[in-house]
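Chain order of the listed sequences is D and C.
For the first sequence, this note's numbering gives the first residue as 324, with consecutive numbering after it.
For the second sequence, this note's numbering gives the first residue as 39, with consecutive numbering after it.
Among the hints, a few may not be true.
Here are the simulated DSBU-like cross-link-like pairs (lysine-lysine), alpha carbons at most 35 Å apart as the crow flies [what the hints assert, rightly or not]:
#1 C:Lys464 <-> C:Lys372
#2 D:Lys482 <-> D:Lys325
#3 D:Lys325 <-> C:Lys493
#4 C:Lys745 <-> C:Lys727
#5 C:Lys245 <-> D:Lys345
#6 C:Lys737 <-> C:Lys754
FYI, nobody ran anything at the bench for these hints, they're computed from the structure.
Remember, predicted model here, so these are calculated numbers, not experimental data.
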Amino acid sequence: MKAGVVVFPGSNCDHDVYHVWKHVLGEDATFLWHEDTSLQACELVVMPGGFSYGDYLRAGAMAAQSPIMAEVRRHADAGGLVLGICNGFQILCESGLLPGVLRRNVGLRFLSRDVHLKVDRDDLPFTHRLRRGQVLRMPIAHGDGCYVDRADRLDTLEKNGQVVLRYCSPAGRVEANSEEHNPNGSLRAIAGICNRQGNVMALMPHPERCSEGVLGNEDGADLLRSVAESGTAGRRRAGSGR
Amino acid sequence: MTEVLLDEPQVDVALAKRQGMTAEEYEHLVMVLGRTPTYTELGVASALWSEHCSYKSSKVYLRELPSEGPYVLQGPGENAGVVDVGNGWVVVFKMESHNHPSYIEPYQGAATGVGGILRDVFTMGARPVAVMDSLFFGSLDAPTDGRPSRMRHLVDGVVRGVGDYANCVGIPNVGGETRFHSCYDGNILVNAFALGIARRDAIHKAKAAGPGNPILYVGSRTGRDGIHGATMASEAFGEQSAHKLPTVQVGDPFAEKVLLEATLQALRSGAVVAVQDMGAAGLTSSSFEMASRGGTGMELELSRVPLREPGLGPFEIMLSESQERMLFVARRGKEEELSRIFQRWGLEVAEIGRVTGTGRAEVRFRGARVADLPIAALTDEAPVYRRPVREPRDLVQRQWQPQVPEPGDIGAALRSLLGTPELGSKEWITRQYDSTVRTNTILGPGGDAAVLRLKGSPLGLALTSDVNPVYCFLDPFQGAMQAVAEAMRNLACVGAEPVGLTDCLNFGNPENPEISWEFREAVHGIARACRALDIPVISGNVSLYNETAGQSIHPTPTIGMVGVIPDLVQVPVSWFTEAGDRVILLGDDQRELGGSAYLRLLHGIEQGRPPVVDLDAEARLAELLRYLAFERQLHTAHDVSEGGLAVTLAEACFGRGLGVELELPLEPVQLFSETQARAVIAVPPRQVKAVLETAAELKVPARDVGKVGGGRLQLKLSGAKVAVEVEELRRVWATALPRALGM
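If we strip away everything but chain D, and leave its shape as in the complex, we get (with noise of 0.2 Å):
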């Protein structure tokens, strides 16, 4: 599956979700600068993480008004694929992509370590290798990760299975308010959601960085792969072991 990685300026996690597609699933990857209006024939479109414009104003506030997020919006309309990874995930949301917001960290600090995350949703193309209830094992890096919106949108969200990951503890425990196990405070511990048609998804933690066996941690590579392996018709499924 062709994908293509937007890069604004202050994106800082495109070379790692790029080497990760190519050089450890195989697939075909090219990078889309913030100014192109044309995504490239690309199956999958990847918002990566860093700091677009520096995150002024507000964590992807400005580069949600980047040139190519009228062509990301309209490959999403068309049912494409796109998977925000961090300030991705910022960026989607204030691109109205998904609902809701990203706010400071509950501690108001940068937080740079493992975290554990329950499934809610494994019947997603960006899921579907995982099961419902399984728990990875990945980082998260982000000053801005507490996920927060009106109660009764919360409500419509879970009510329409868009949580796909929530914050849990190493034994599956969705306790949001522990600040252990759910350390940026989000609200009902939402760790990644989809849209409604399920084609757009995103998440704070960085599957990318636990991609490969030699970084001690391969959780990662089960959602990417299932991204790829989405593609036509699980084209790779049968080749590829768990």
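Starting from the known structure of chain D, arrange chain C on it as the hints suggest.
Same frame as chain D, but now just chain C:
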């Protein structure tokens, strides 16, 4: 020559003194020029001849440091040093201090320290892949007159500053160290290290060549921030230092990230002759240093420099230390191509002059000549001092061997040590730093050394930064040797062989003969260790005048060392990983408590001779550790350092919460002895025989002392026993720093 009306002060010796020059230096300048300097010339000369830029008090000693080796492509003298690590790759690294600004304004001071060191690395054509920070703070319980402690504010500001900057640029912070000691109450130290990688043929040097080539100014606009920062960093602090706020620069990590990408792209284009960051002394040092290296001259028209606010005069433009600015020498005819690259990244570009063959810097402002200076006389031929040295009067008292109290309850003593911010976990700090971006981090902060993979090769890169200022205070020669030896030992614990080091030499006022003596001894110590261990010094930085109201810091020669792991398959970790593993002690204890954490932190005694450094023993131990790591016989390797064997063992238990049961032929107090050239390793039982045999071959004392397992740290000593729950110790250790900070 057109006349421009500039409201500038009268230049005389009194003004020169106010700008930090001595009367002799001013006279020398007048003699070199054959006339009275202009106001701008005086500013330029005082910046270039400041301690910070000229190394005038340290140069005579720095020459002793070995800087060559078969793999060294660039030693000191460039923006950063370069070493070949094989497979077509080179590493570029340097460490630099940002002490004075960080004390005045901790957030911006520390942030711009990171920014400056990153620019030093990427101007060489290397992509930065890691940073480390070595931080030295005063005691957290210093008297505060009922106000919130200033030191806590400094810790918080510095950590946020380091974190926000590197996090935003996207460079993982993978290590360093943090220390607390009352000698830093009036002068904290912020030493920032950066490591970059490049293909061997991509390295660029900052040598302005080719008369006629245009000079481009790229990046942020010039403002009034940081004017004369280099001079400020060359003075001791007094009562008035709070007024120095405008001399601190303000950082913009987003501008840095964009500048980083644009610079690397520009260097790849072939359109660049030379580039240098406008760091300390801004446009002055970048232009003079590039011309000096190239043996050329420069013409500059300052009215073309993009300004942040109107009204800056030539003096201010030449000396501003506004951040995220670069000076490029372009290949003539290629300036358009270069400008397009910068503009694509949204960066401002201005052509502000050209290279000449005159050997002079001719600086104009709106057409009028404001400076005309001979470059060599102000750079290579700058004043050099061999300052008087004198052994400290109290050296005998410092080194007097103190009475060593018995620990009594060993478990309680260990708990107390682990509960100090000095020896407690630094996770409160490192959690605020992104350590995994760029997906190379195999081992991040918290171990003996950080380990990165080098994508596209089987190699691993290991890095560490070390110094024990208390040892250096008691004996700067031994202390400096110890810093080099410990850095090598830390690298060996992850199986890495050193390829080079960078030093950041932080000392007090060199005009005090006792401080100059400390400096000389420390440099001797580094030189001795580097020669014996065959490690070149490829870059470095000197920070003097770390003194407030006559109170100097301890000598603090921070050593940043980089090593290579030939085959990144199984890297030993600093914690126990498998119950049942056998624990082997490498090296023998010599009962050395002088300058130990045990005496200082538990008994308030900072006295005695620090542990003796046996470089031969260090070399053999390091070779053994590297061999065992390469043969994949090690699960765990952790060096014995501050706090002695007791702290080493406790730390090794914390990683997985695994205990140990050991029988040690030591008396209780020896658990806290800090004898060097020692490490604790853990190996699967089937490897014990082979490991002991290899150790014997390499003449490293080795002893199988017990096994990993259970949840307790259980030690059977000569005439005493200890048994403590690991979890209980871990909790004390993990909460020590936030507790001390009141977080």
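Verification of the hints:
1. With a C-alpha separation of about 49 Å, the suggested pair Lys464 (chain C) and Lys372 (chain C) falls outside the 35 Å cut-off, and the hint is violated.
2. Of the pairs offered as hints, the one joining Lys482 (chain D) and Lys325 (chain D) holds, with about 32 Å between alpha carbons and a cut-off of 35 Å not exceeded.
3. For the proposed pair Lys325 (chain D) and Lys493 (chain C), the alpha carbon gap of about 22 Å is at most 35 Å, so the pair holds.
4. Using a Cα cut-off of 35 Å, the hinted pair Lys745 (chain C) and Lys727 (chain C) holds, with the two alpha carbons roughly 15 Å apart.
5. In summary, the hint linking Lys245 (chain C) to Lys345 (chain D) is not supported, as the alpha carbons are separated by about 38 Å, beyond the 35 Å threshold.
6. Among the hinted pairs, Lys737 (chain C) with Lys754 (chain C) is consistent with the structure: their alpha-carbon atoms are about 26 Å apart, no more than 35 Å.
In terms of the numbered hints stated before, the structure departs from hints 1 and 5, listed from lowest to highest.
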